[in-house]
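Colleague: Protein chains in written order, with my numbering: chain R, 18 to 375; chain E, 18 to 375; chain A, 18 to 375; chain G, 18 to 375.
There may be inaccurate statements among the hints.
Stated by the list, open to error - A short, non-exhaustive set of chain E residues, derived as facing chain R with CB atoms under 7 Å:
| id | residue |
| --- | --- |
| 1 | A54 |
| 2 | A225 |
| 3 | A249 |
| 4 | A277 |
Said to hold, decoys possible - A few chain G positions that, by computed beta-carbon distances, are all more than 12 Å from chain R:
| id | residue |
| --- | --- |
| 5 | P66 |
| 6 | D149 |
| 7 | E150 |
| 8 | G164 |
| 9 | R185 |
| 10 | S187 |
| 11 | R207 |
| 12 | G211 |
| 13 | G258 |
| 14 | G294 |
| 15 | Q336 |
| 16 | G375 |
To be clear, the hints were calculated from the coordinates, so they are not data collected in a lab.
Glycine residues also receive a C-beta, built at the ideal position from the N, C-alpha and C atoms.
4 protein chains.
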Amino acid sequence: MTHICLADLERAARDALPGEIWDFLAGGSGTEASLAANRGAFERIFVVPRVLRDLTGSTTEVKVLGGRAALPMAVAPVAYQRLFHPEGELAVARAARDAGVPYTICSLSSIPLEEIAAVGGRPWFQLYWLRDEKRCLDLVRRAEDAGCEAIVFTVDVPWMGRRLRDMRNSFALPDHVTAANFDAGATVHRRVHGASAVADHTAREFAAATWKSVDSVRAHTDLPVVLKGILAVEDARRAVGAGADGIVVSNHGGRQLDGAVPGIEVLGEIAAAVDGGCEVLLDGGVREGGDVLKAAALGASAVLVGRPVMWGLAAAGRQGVRQVFDLLAAELRNAMGLAGCTSVRAARLLSTRTYRYG
Amino acid sequence: MTHICLADLERAARDALPGEIWDFLAGGSGTEASLAANRGAFERIFVVPRVLRDLTGSTTEVKVLGGRAALPMAVAPVAYQRLFHPEGELAVARAARDAGVPYTICSLSSIPLEEIAAVGGRPWFQLYWLRDEKRCLDLVRRAEDAGCEAIVFTVDVPWMGRRLRDMRNSFALPDHVTAANFDAGATVHRRVHGASAVADHTAREFAAATWKSVDSVRAHTDLPVVLKGILAVEDARRAVGAGADGIVVSNHGGRQLDGAVPGIEVLGEIAAAVDGGCEVLLDGGVREGGDVLKAAALGASAVLVGRPVMWGLAAAGRQGVRQVFDLLAAELRNAMGLAGCTSVRAARLLSTRTYRYG
Amino acid sequence: MTHICLADLERAARDALPGEIWDFLAGGSGTEASLAANRGAFERIFVVPRVLRDLTGSTTEVKVLGGRAALPMAVAPVAYQRLFHPEGELAVARAARDAGVPYTICSLSSIPLEEIAAVGGRPWFQLYWLRDEKRCLDLVRRAEDAGCEAIVFTVDVPWMGRRLRDMRNSFALPDHVTAANFDAGATVHRRVHGASAVADHTAREFAAATWKSVDSVRAHTDLPVVLKGILAVEDARRAVGAGADGIVVSNHGGRQLDGAVPGIEVLGEIAAAVDGGCEVLLDGGVREGGDVLKAAALGASAVLVGRPVMWGLAAAGRQGVRQVFDLLAAELRNAMGLAGCTSVRAARLLSTRTYRYG
Amino acid sequence: MTHICLADLERAARDALPGEIWDFLAGGSGTEASLAANRGAFERIFVVPRVLRDLTGSTTEVKVLGGRAALPMAVAPVAYQRLFHPEGELAVARAARDAGVPYTICSLSSIPLEEIAAVGGRPWFQLYWLRDEKRCLDLVRRAEDAGCEAIVFTVDVPWMGRRLRDMRNSFALPDHVTAANFDAGATVHRRVHGASAVADHTAREFAAATWKSVDSVRAHTDLPVVLKGILAVEDARRAVGAGADGIVVSNHGGRQLDGAVPGIEVLGEIAAAVDGGCEVLLDGGVREGGDVLKAAALGASAVLVGRPVMWGLAAAGRQGVRQVFDLLAAELRNAMGLAGCTSVRAARLLSTRTYRYG
């Protein structure tokens with residue numbers, strides 16, 4: 018079947034994956050209010066397109082975190098990608114490289130970060146703060162040594178949110194999938210009734226990061242540091258003050274605080290407050306090229322895309338991921354042109370309206 | 018069966034047409050968010066009627082683009098009307114003429130424009146900007162020579178939007194339906210898996226119009242020029258500055274930028290900004306006479322009606338189209354009188370409110 | 018079965034009545050948007066109750082149009098009540114009299130107005146403006162002579178709205194039901210395919226009232242004159258200026274202009290604008306005692322109740338109507354007490370909020 | 018089955034209870050508009066979490082009404098808890114004591130208040146105003162003597178609201194369940210068609226409290242007095258002026274005035290108006306720890322939890338209640354940490370947003 022939108026790949030992925038793995042990917046925390054809101058928020062945004070502009074030289078290319086990307090997006094950090102396909106992170110990283118899109122290696126990757134970084138392209142490294150600070154900073158050093166171009170420091174996970182689907186499934190990783198950058202041992206594989214082994218593992222390993230952690234990371238690396246998981250204007254301002262090179266406005270895909278405001282709802286005011294002091298990225302709810310246009314209009318210089326990329330991976334491996342980028346690229350080019358924008362930067366000047374219907 | 022509202026004709030048309038042709042008519046682009054919003058926007062508008070006014074001499078007649086129309090409406094440009102009935106554009110143009118309603122000949126008509134214009138009444142000609150500017154301006158000249166009274170220049174189609182239904186149907190025109198004003202050859206008839214032959218054709222023929230194109234058209238004809246597809250106040254103001262005789266506030270029936278704001282949502286502010294500098298028409302979502310009243314209250318001097326006219330055509334040919342106008346006329350007369358308005362101009366003074374229920 | 022809310026009686030009435038008679042009662046005009054909105058508007062209003070007030074001497078009694086009513090309500094004018102029960106208007110008028118509630122005799126009553134007025138209680142007379150002004154004013158004189166205490170002049174019916182259910186049913190009155198105050202002849206009984214015989218009849222008999230008609234009526238009678246069908250603040254102010262004793266804020270139960278704003282939405286601003294210059298009543302959507310409290314909080318001195326009274330009539334004749342008043346009285350006493358109000362006037366000081374959920 | 022959220026216990030309780038007892042617990046008054054709104058209001062509140070704060074020393078403990086509570090919550094007063102489990106109030110009080118949560122003994126407890134108070138922990142006593150003021154004040158004295166630490170004076174029940182489920186069920190208490198603090202005799206057990214025996218009983222026993230009643234209670238006891246059932250800012254201010262130690266912002270779980278605004282909607286403005294003049298608690302709609310965080314952000318120092326505690330009781334007695342507290346505690350700790358709050362007081366500084374989706 019030809020896939021003509023990402024929802025087609027979502028269906029294919031759901032068909033391809035065991036239920037509990039689908040749930041691990043698709044689920045949110047608690048009542049999944051924030052998960053649903055991430056989509057609901059995009060759906061009530063409407064754009065006021067401009068017409069009759071000269072579209073010559075239109076491009077989706079952007080500069081983000083000091084380098085070029087063919088699209089204003091990067092692959093969001095997603096844990097344990099071998100759950101979705103045997104080639105896991107490598108398949109995604111290769112497709113991302115080929116598409117000119119940065120790939121964010123997750124701390125909890127199921128393939129060692131060095132192997133993924135060796136794929137080339139523009140790897141970024143995502144960092145969780147660990148109880149063992151030394152090991153944490155070692156990961157940063159490893160990432161830098163491996164050629165990663167940025168550190169995406171996740172700041173909204175003092176511990177994993179209560180993901181009820183995983184708890185209901187007593188979810189644990191299959192034996193062949195491990196936290197390859199850690200020595201996690203058997204704990205991520207041991208099923209505990211009514212609990213998530215992944216959450217248990219992180220509860221043992223992770224620590225709550227603070228602004229001091231940010232200083233530590235920055236002192237430890239020369240790479241650009243991006244703080245992922247900012248929703249409050251005050252925190253965005255403080256990130257700038259702390260020297261962050263960028264922030265990702267995100268509620269962690271509805272997987273951390275259930276009831277947290279969707280990033281897209283606060284993006285505009287955060288972008289205005291930051292006012293160019295650092296790059297502002299958006300994460301959560303992007304499901305088509307038109308969503309990227311909306312995010313750009315509200316002030317994002319790029320977006321992170323997580324679940325849709327994994328749909329492609331689960332549906333058809335590296336080729337499936339490439340299809341995801343191809344669709345997003347086609348949709349974005351289409352949306353930009355129909356809105357009269359020759360560049361992502363130009364999209365920032367579009368006016369948006371918020372309505373609820375139906 | 019007696020048809021007492023346009024929805025009755027919609028059902029009849031859906032029954033009469035093959036699925037893929039229905040989809041070509043009914044569908045929008047992308048997730049069809051703008052398509053649905055066009056209706057949702059009308060449904061949340063409520064009117065504050067006036068009472069006890071003298072209704073003597075009430076009329077639905079208006080002056081639009083330099084001529085009279087029996088109703089404040091015109092037939093919207095719709096491509097390839099022989100898809101819906103063997104008599105195609107001729108049946109519609111005759112019914113429109115008989116009803117005193119201007120008919121907009123589409124560049125992509127399935128009958129040569131001259132034949133349609135020969136029907137009489139008040140033909141207008143819709144123009145797409147073409148890669149071959151000479152051919153484009155030739156069309157304008159042909160239209161003028163054939164007696165068309167206005168050029169409706171579509172400004173929101175640098176290319177066709179991503180209409181997923183057509184892509185899913187691998188839609189192509191049947192052999193007997195062609196772009197009669199072009200020499201399109203076989204390409205509109207060749208099915209390509211996962212693609213729309215109509216979109217492919219336009220991608221080859223159309224070019225993105227600019228404000229310079231508007232100047233070219235105006236320089237090339239003495240007919241009034243209307244820019245169709247304006248949604249931004251700034252573009253409306255610029256249209257006035259560029260000497261446009263009118264604009265059509267429209268998101269192209271939800272068929273171009275998915276997520277574009279419905280025209281009716283921005284009509285009021287555009288009418289206020291234009292402030293009589295040119296005529297302001299509204300297109301998209303009109304499904305009954307009461308909608309025309311709402312559009313008038315928000316500042317439109319007339320509306321374009323597309324899909325409902327095609328429902329009449331598909332259901333019962335020329336007679337079906339006449340029924341559409343008869344229903345709209347009866348509904349509009351009813352709505353105007355119940356709101357205390359003796360003319361469409363008077364309706365502009367009605368107050369409206371926006372509520373969401375249910 | 019015990020009926021513990023009006024919805025119970027609605028179900029009983031729907032079971033008791035032939036489909037086309039139910040439709041005549043329940044239906045609205047056009048898409049029934051205003052009909053639905055009348056309920057939707059009440060449902061999104063929430064009240065801020067007061068507590069710990071002395072409830073001694075609480076009463077639902079009010080003074081309305083110069084007389085006392087046991088409840089802040091009157092029976093709305095409803096045509097042809099013998100459609101719903103053999104005793105028709107007499108059953109309702111008797112139950113209203115017994116409950117201390119004014120009954121509005123409809124011009125289109127199916128029993129002569131004098132017979133209904135002879136029931137006693139507090140009859141009011143509803144007036145449509147007729148093509149034959151003399152006959153119209155004769156009706157006023159007859160009503161006054163028969164002891165009616167007020168003229169409720171319907172100002173929102175230059176003609177009947179397009180009630181699609183009746184048109185679809187080719188509705189006509191059964192032979193035993195006639196416009197008893199007119200000599201309507203056979204026309205209300207003749208079925209015409211796709212049309213409503215009732216609408217046809219009124220189209221022949223009714224004329225569009227104007228402010229001059231109001232002067233004529235006022236000059237012709239000493240009774241208080243109430244204008245029913247006001248929704249615009251400007252019309253409310255003009256009603257005061259024209260010497261009206263009261264107005265009924267109403268969209269005619271969603272049966273005239275489809276898309277007309279619900280009365281309850283504009284009640285507050287109209288009450289504020291009128292500022293005691295005349296009485297302000299509310300009509301449309303009242304389905305329980307709590308709705309009466311909401312209307313009072315927004316400035317109504319009383320409400321008209323139409324369909325629910327007819328539910329009682331259809332379900333169980335005079336006893337059924339009495340049940341309707343008993344339920345409304347019990348619900349209203351309950352709501353007033355729980356909101357801390359000892360009188361309907363006191364309810365005016367309650368604060369309301371508007372929210373949409375679910 | 019493992020219960021991982023309160024909805025699991027709700028299902029278990031519904032399965033465990035006879036339909037009419039479930040209805041008595043779950044139902045609201047009238048159309049249950051306020052009941053539904055209590056949840057709808059929470060669902061449209063979103064929180065803006067803070068990140069990177071030092072979470073060391075986080076605690077859910079609060080000081081409330083002069084004592085400590087392990088969680089910012091107390092068990093709401095609920096009548097006749099032996100309806101839900103043979104051990105009734107004792108099971109709940111014991112679980113509350115063990116969890117460090119105050120338990121509010123209801124005037125209408127099915128076990129004598131002294132026996133419940135003897136369980137220990139932090140018992141509070143809920144008071145209805147009675148026709149026999151002496152008996153009422155005797156109850157206060159008994160409660161004080163039994164060791165209760167506060168009087169929760171219910172001010173929104175001049176009589177019981179119209180709970181249609183109970184009326185439809187002709188609900189009466191089974192013989193083994195009685196109003197143990199009263200000598201209610203047979204009346205709460207006698208089924209009356211279409212009526213609630215519980216409502217009939219209270220109609221005979223209860224009187225409408227006034228501000229004078231508040232003075233009487235305060236004069237009669239040295240315990241802190243909390244007024245439960247405040248929704249208007251003016252009443253909240255007056256409560257402070259009357260010397261109340263606290264108020265509970267509440268619409269009585271949607272069981273009194275149907276159409277009363279949800280407490281959570283007015284909490285913020287009431288907390289601002291009270292401005293520390295007394296403690297402000299919130300009641301109604303709390304179904305998970307995240308709701309407690311929302312209430313805290315809007316100004317509540319604690320919440321009352323009623324139905325969920327009864328779900329635990331019905332599902333598994335004292336152990337079930339303990340599960341409820343354990344879940345609420347885990348959810349609240351999680352939500353506080355993910356929002357960057359080390360204390361309930363700190364949560365007050367969180368920003369909230371209101372959106373409706375889907």
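Colleague: All the hints need checking, so say for each whether the structure fits it.
Modeller: Results for each hint:
For A54(E), the interface hint holds, since its Cβ comes within 7 Å of a Cβ in chain R; the closest pair sits about 5 Å apart. Interface restraint check: A225(E) against chain R, minimum CB-CB distance 5 Å, threshold 7 Å, status holds. Using the Cβ-Cβ criterion of 7 Å, the hint placing A249(E) at the interface with chain R is satisfied: the shortest such distance is roughly 5 Å. A cut of 7 Å between beta carbons decides the hint on A277(E): the least distance to chain R is about 5 Å, and the hint holds.
A cut-off of 12 Å between C-beta atoms contradicts the statement that P66(G) is not in contact with chain R; the least separation is 5 Å. Separation of D149(G) from chain R is adequate, the least Cβ-Cβ distance of about 46 Å exceeding the 12 Å criterion. Distance check for E150(G) against chain R: the nearest CB is about 45 Å away, which clears 12 Å, and the non-interface claim stands. Taking the minimum C-beta to C-beta distance to chain R, about 37 Å, the non-interface status of G164(G) holds against the 12 Å cut.
With a least CB separation of 30 Å from chain R, R185(G) remains clear of the 12 Å interface cut-off, as annotated. Every C-beta of chain R lies more than 12 Å from that of S187(G), the closest at about 36 Å, which supports listing it as non-interface. Non-interface status of R207(G) relative to chain R is upheld: no Cβ of that chain comes within 12 Å, the nearest being about 42 Å off. The claim that G211(G) is not at the interface with chain R holds, since no C-beta of that chain comes within 12 Å of its own (minimum 37 Å).
With a closest Cβ-Cβ approach of about 35 Å to chain R, G258(G) is found to remain outside the 12 Å limit, as its non-interface label requires. Residue-level check passed: G294(G) sits 29 Å from the nearest beta carbon of chain R, beyond 12 Å. Chain R leaves Q336(G) outside its interface by the beta-carbon criterion, the shortest separation being 15 Å against a cut-off of 12 Å. Interface exclusion of G375(G) from chain R breaks down, the closest Cβ pair being 5 Å apart, not more than 12 Å.
Figure legend: structure checked against the earlier numbered hints; hints not met, in rising order: 5, 16.
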